[in-house]
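Colleague: What follows is the residue order along each chain.
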Amino acid sequence: MTAAVRPDAGVKLAGAAVFGTDLDVPGMLWAAFVPAPVAHGRIRSLDLRAARALPGVTVVGPEDLAHLLGPGERDLERPLLAQGEIIYRNQPLAVVAAPSAVEARAAVAAVGVEVDPLAILSDLEMVFPDWPGSEADASPQVAAHVRARHGNVEAEFRGADRVVSETYRTSSIHQVALEPHACVAEIRGDVWYVRTSTQSPFGVREDTASLLGVPESSIVVEGTWVGGGFGGKASSFLEPYALLLARATGRPVRLALSYQEEFRLGRTTLPAVIRMETAVRDGRIRARRVRLLLDVGTSLPGRDFATGYSIGFLLGPYRTEAFDVEGYAVRTHKPPFGPHRAPFAPQCAFAVESHLDHVARELNLDPEEFRARHLWQEGDTTPLGQEVGPFGLPMAFERARATARQWRKEAPVGHGVGIGCGFWSTSTGAGGEVRLRLGPQRLIVLQGEREIGSGSVLVGLAAVAARVTGLPPDRISIEYGNTAEAPFDSGVFGSRTLGALGRAIEEASVALRRTLAERLGARGQAELSVERNEIYAEAGERRAAVTVLLSPEELATGGILAEGRHVAPPRSIDEKRVVTGTFYPYTDFTGAAHVAEVVVDPATGAVRVERYAAFQDVGTVVDPGAAQAQVEGGVAMGLGTALTEEAIWSDDGRLVNDGLLDYRIPTLGEIPPITVEFIEGFAGAGPFGAKGLGEPPIVPVPATIAIATRAACGAHVTELPLSAERVARALKLL
Amino acid sequence: MTSRPLRLTVNGHAEELADVSAPERLLDTLRWRLQLKGTKEGCRTGDCGACTVLVDGRTCLSCLTLSHEVDGSAVTTIEVGPDDALVARVRAAFERAGALQCGYCTPGFVMAVAGLLRERGTSAPREELLEGLGGNLCRCTGYSAIVRAVDALRTGGP
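Which chain is which? The protein sequence lines are A and B, in order.
Residue numbering for the first sequence follows our numbering, starting at 1 and increasing by one per position.
Residue numbering for the second sequence follows our numbering, starting at 1 and increasing by one per position.
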């Protein structure tokens with residue numbers, strides 16, 4: 001397998017790719033937020049006069065919104081600027097624009113704020129010192145309550161040989177895309193135009209429209225190159241503010257976050273507490289009780305997405321006849337929760353895998369055999385009553401066990417080898433529309449997403465287009481249009497891009513090849529080929545250059561047009577098992593089993609990863625190089641979650657480590673050699689049975705490291721990350 | 001704020017800037033005065049390495065460098081042309097190894113690798129070269145492909 005050179009390598013290696021932070025328009029103003037000085041309080045006064053008196057400075061405060069916003073319906077639950085009450089530290093109170101960054105900062109400093117402080121709920125256990133009771137549903141601190149159950153849980157717990165109960169804790173982590181959020185907005189006639197670094201141009205358009213009270217048709221979003229997303233750029237953030245200032249000033253406005261603001265305002269994963277109880281009889285899991293308290297910051301009631309999703313992940317890919325799983329999304333005075341690569345699934349897998357490993361040890365059973373015995377097989381029914389489709393995890397797990405056995409033979413004393421599992425689904429979701437345009441020499445794929453780095457757009461979609469049309473890759477261009485030009489798609493997230501847009505390309509290709517066959521007077525689909533720089537179509541007995549098959553209009557517009565649209569396959573669960581809240585079925589089932597060898601410093605508890613192997617269910621590998629890169633990158637990011645990453649919030653709602661020196665992501669020397677093996681043949685929702693691969697590789701990593709660490713030194717650490725301090729405490733070194 | 005003239009040679013071109021204020025950072029001079037946006041702004045605190053450039057052949061974090069500190073120096077950025085043979089070789093190695101994804105850390109990494117090879121040579125011990133890249137963060141690749149690119153640049157391979 002030789003990996004193709006990425007089509008974006010040239011522009012990126014020349015420094016010519018324009019990212020959101022690079023946008024620069026003549027006459028542009030520089031914007032900045034006025035941040036709230038407390039995490040909770042009532043604004044007594046907001047004095048903007050001194051800032052407004054500075055030369056060239058425009059300030060938009062809460063009282064200015066009325067005449068700047070559009071007349072349409074607005075999302076009143078999410079005020080753009082704090083109105084009266086401050087609910088998290090650094091929440092925008094006002095936004096300023098000035099001729100330079102220095103002048104914008106000076107204007108922010110000139111704003112006078114007086115606040116009457118209110119009690120700060122800084123963490124989960126302040127809100128709910130005990131598990132929430134039935135009164136909690138009425139609490140303003142609960143954003144979501146989800147519960148699913150099935151079977152006679154109480155009877156199984158009563159009749160168990162053994163019940164094992166544990167509590168796990170997970171940390172607040174940040175996406176750390178290296179490019180901070182940045183956009184440039186301008187008003188062009190009646191159009192609110194914004195260029196931005198985003199994973200979802202259409203999502204930004206929809207969200208911005210509802211925040212500004214402007215029809216979606218009046219907003220145009222143009223994506224730039226994206227310097228990393230990982231979920232952090234999945235929805236609108238800065239765009240409405242930049243547009244408001246553009247409207248207030250009549251000038252283009254740049255709004256970009258400093259990296260410190262990136263940390264302080266980031267919408268990402270917040271801490272959680274997970275309680276696990278398992279009833280075992282005759283060496284088998286009879287019943288499980290799982291409870292989750294997930295901190296969702298100031299996420300709005302009804303808008304939490306993570307808790308419902310987590311219910312499924314908290315049971316893991318294991319047969320569980322009787323269960324009761326319940327989760328609360330708990331509001332605290334922090335920024336709203338946001339998605340972070342496979343949102344909250346690595347944390348769920350950490351708790352599930354560590355717990356089942358622990359249960360087996362408590363019962364003197366082989367922990368790997370214990371998990372293998374319960375693993376879902378294709379055709380099983382999930383706890384929530386969905387049939388498990390093609391699923392490569394059992395095979396991945398067998399491959400992982402073989403590797404672990406070999407590594408255990410080779411490992412020096414003091415090293416530990418462990419296996420962790422995880423699963424995910426391709427969330428093909430809304431949208432997924434493309435337009436193909438076949439000209440005499442090229443096929444253009446027009447679609448609405450920018451490449452965010454994973455290769456899903458520029459590498460993956462090009463590979464799909466080549467395979468379904470039969471054209472060589474150098475004849476295919478993946479083109480991007482802004483939201484006024486491109487067909488709709490919901491975003492590059494949820495491991496959905498290749499699945500959704502790839503399926504749409506498949507459909508459009510069929511339509512295109514049928515049209516060509518018709519024009520050749522034949523039935524079925526034409527075959528495409530290239531000869532002397534011309535594309536030819538062949539069907540039945542006839543063959544012709546595409547150029548002679550085009551109408552004059554098609555020749556003038558660049559070629560023959562075909563459209564394709566992905567349609568999400570129908571899936572269902574047993575709704576009766578969902579007692580409270582909502583749970584969505586999976587589109588497909590993607591599994592992974594990972595192996596790590598670690599060594600623990602006996603004096604400090606520091607964990608070093610010696611080597612790592614990922615066995616990754618993928619359906620079909622579409623591009624070997626891009627696929628391997630997703631696994632290598634996902635594992636490395638997961639090693640950060642496992643070992644070092646922890647955003648620390650103080651009692652007064654302040655993010656303590658708001659920089660890359662104190663919030664430690666993995667560096668080059670800390671990444672072990674990673675081997676990647678794909679498990680193919682278990683078809684997923686994407687083209688040729690491909691499964692999404694952006695998120696799945698991160699899911700098993702913290703679990704794998706925790707289990708390997710316990711194997712190395714006996715430390716059973718139930719809290720992420722596995723910092724040296726936590727391992728040392730578990731070993732009673734501290 | 002005091003301002004004074006600044007002279008730099010950037011990618012071989014002489015640049016004379018009449019009016020550069022004392023606290024201006026080299027990163028901002030390159031990006032916003034000279035429109036060389038290839039050098040990336042990440043943290044502005046010296047922790048991520050995205051803004052790495054070469055100053056007189058040595059790696060330099062342009063976000064922590066005042067432009068006047070390097071007055072009169074030769075600055076090399078990712079925009080340097082193919083006549084810079086070392087940078088060209090590093091670029092080619094990154095391209096072949098697929099050592100980039102989103103591309104935001106890439107200019108800093110390319111310059112850091114070029115600076116290291118210029119300083120230590122291609123026969124320097126592997127560990128020394130990899131340790132020299134500890135100040136450049138990448139969130140996409142997990143560094144594996146970047147290490148493969150560095151190995152390909154070393155005399156004798158990995």
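Please keep in mind that the hints were generated in silico from the structure rather than gathered at the bench.
These numbers come from a predicted model, not from an experiment.
Do not rely on the hints blindly, as some may be mistaken.
[Claimed, not checked] Derived DEER-like restraints, expressed as beta-carbon distance ranges:
| # | chain 1 | residue 1 | chain 2 | residue 2 | range |
| --- | --- | --- | --- | --- | --- |
| 1 | A | Asp366 | B | Gly121 | 50 to 56 Å |
| 2 | B | Glu15 | A | Val25 | 20 to 26 Å |
| 3 | B | Glu15 | A | Asn482 | 32 to 38 Å |
Even glycine gets a Cβ: it sits at the ideal position worked out from N, Cα and C.
Colleague: Now, for every hint given, state plainly whether the structure supports it.
Modeller: These are the hints, each one checked on the structure:
no.	hint	verdict
1	A:Asp366 to B:Gly121: 50 to 56 Å	52 Å, holds
2	B:Glu15 to A:Val25: 20 to 26 Å	23 Å, holds
3	B:Glu15 to A:Asn482: 32 to 38 Å	35 Å, holds
In summary, the structure agrees with every hint in the numbered list given earlier.
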